[in-house]
Every structure is written in C-alpha cells, then in structure tokens.
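A.B. asks: Please arrange chain B on chain A, whose structure you already have, making use of the hints.
Residue numbers (the working numbering), protein chains in the order written: chain A, 1 to 189; chain B, 1001 to 1146.
Straight-line C-alpha distance at most 30 Å; calculated DSS-like pairs for lysine-lysine:
1) Lys-167/A to Lys-70/A
2) Lys-29/A to Lys-1074/B
3) Lys-1021/B to Lys-167/A
4) Lys-133/A to Lys-29/A
5) Lys-70/A to Lys-1074/B
Reference listing, derived: stretches of chain A covered by chain B, where coverage requires no fewer than 3 residues with Cβ under 8 Å from a Cβ of chain B:
6) 14-23
7) 37-49
8) 123-134
9) 172-186
It is worth saying that the hints were derived from the structure and are not from the lab.
Please read these numbers as outputs of a predicted model, since none were measured by experiment.
All C-beta atoms, glycine included, are put in the ideal place defined by N, C-alpha and C.
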Amino acid sequence: MGSDDRQLVSECQAGSEEAYRVLLGRYEKYIYGLCFRFSRDPEDALEMSQEAMINVVPGLPSFHNGRPFKPWLRQVTVNTCINYLRCRSPDPLSLDQPLEGDLNLGQMLPDRRQDRNLEWMETRDALQRIMEKLPPAYRIVLILRHQEEMSYQEISDACGWPIGTVKTNLFRARSLLRQSMSELYGWEV
Amino acid sequence: MVCQPEMLQEYLDNELNEEDKAALHNHLSGCRTCRQELSRLRLMWSDLAWVEEPASSFAISLVRQQAVTSALRKQAAIDGEAESLDLWECQKLAWRPLLQTAAQMPGIGIIGNVAERAWDACPRAALQAGRALWRLYNQKGKGGKR
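The following block holds chain A by itself, in its conformation from the complex:
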C-alpha cells in the first residue's frame, strides 16, 4: 500500500469525509472495471460499484492499516459483485449449486451466422465475447484467477466455495473456452 493510501485510510478512520472521497476516487475506475467485468453491463456495473463503495465505509474503521488496502478493497468489491449476481442471476447454474453434466456448447458460442466478423476479431476479444456467455459461476472464477491473479485458496475464501468447487468450475470453464476457441486459434479439436 502506498504511504498516501495509509495516510488516507488513517484519516478515514478518524472520520474525515473528504478522505473517503479522495481514497475511493483513487480506486473508482478499478472498482468500476472489476464490476463491469463481472456484470458485462454498464448500468449494472455502476450499481454494483455504488454498493461496493457503500460497503467500504462501515468496514474501513476495523481495517488494519498496516495491511495493503487494494486487496481488501478487491475483497469487498468481489463479495458485493457475487451477492449482486447471486440475487440477479436467473441461471439455473446457481452459484451455490455444484455444476453437473455437460453444458450445451452451442449456447455459449456467438452465432456465426449473425456474427460473421467474429473470425476476424482478435482472439482475446473473441475470448471475452465467449466469456460473457458463460454462467456467472464460471465467469467469476476465470476473472479472479486470470485477471486478478488470485490463488485457488483466495478464490475459495472470496466466494465461500470449497476449493474443489473452485477447481471444478475453473476446469470446466476453460474446457468450454478451449473448445470454443479451437477454430480461432487454428487448433484441431
């Protein structure tokens, strides 16, 4: 944590409203970006960001100021996003249920007849498009592992899932992505 963060956290803990504004202003883009990656919808991302920031305020007084601030903020944001998705997700693949059986890959892939430009897209863009269509439980573990670089244990703690569920979700999500991307990468299936 930068010394500036530590100073600001101290001021927040002393009750300075301005310090809260400055501290959260410093991380607002990060919070919004993370929420957007979870939700894939700008309005939902704003709502999730607001909830995350609201959750920071009562939690910060008990935050130990010797620890880095950003991982703690990420934890608060991730918890908020998971709760938000848990409440909103109409997906039968609930976050609380173990994932069973094979998913229909055809539902995950963008329709090529409607989206002829897909093959010309950068592979990473295509990967993002396919990730959008994954069930939330898969998307969450992929984001936390690959983009937030969290370990299995950290993901397990953040999501409240057993570590075995985290591994299973990661494996299945990547297997789906791998199948979906084979053609774009030029791999033989």
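C.D. replies: For chain B alone, kept in the frame of chain A given last:
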C-alpha cells in the same frame, strides 16, 4: 502417469506441489500430446489475462459522491443511536446511588402509595373537568343560536 488435463491447468496456475510438478515434468518429457496441449493452454492463458478496460463512465464519480455521503449518514445514524444509548446508561449509573439511598429513608413507601393514588385521581379529575367545559361550551353555543 497417464495424461491428466486437470493437472496441466493446475501446473499453469502454479498450484501443483513439488512432487506432482516433478511427476508432470517427467510425463511431459515422454508425451507429445500433453506438450502440445500445454503450449495451447499457455496461449489461452495469455489471452485470458488480458484485462478489458470498459469505456470510462462519468457517472462513476457521481456514484462515488453519493455512496460516500449516504454511507456516512447511515453510519452517523447508527453511531448516534449507540451514543444516545450510552448516555442513557450513564444517566442510570449516575442516579443509582442517590436512588438507592432514598430507598432506605423511613416512610419512603408512603410516597409510592400517594403517587399511585394521585395518578389514579388525576385522569378522573381531568376527565370531569373536560366534560364540564364541553357542557358549558354546548350550552353557550345553543344559547347563541337561539
């Protein structure tokens, strides 16, 4: 060791212990299919690590201002309740010795009885006075109309 696709993923995630890692290295040296699969997964890993930056939203600053204001107000309300509770508890503690001393005074029980009777009598007297005033008012009103 047979081919284990899960193990390749755990290897790339750096989640294998040293023993499993050594076993996998040993397997990879003799398995072309797994080496090819590993190189494919590495390519996918690098694409997965790419963080897409959403278009900047001006609304996020406004959202931050609102979030801080509403959360601090809510917090202040909770703290205010806690403080008022503490003040009440302090008052009770401060008055307790005086009340305990007063309770030992001779004839103190009579005060309670007197207060109880006065309490019973007061509403009755107030009710009677109210009825009398209402009667007076009605009589005057009727008299005026006449």
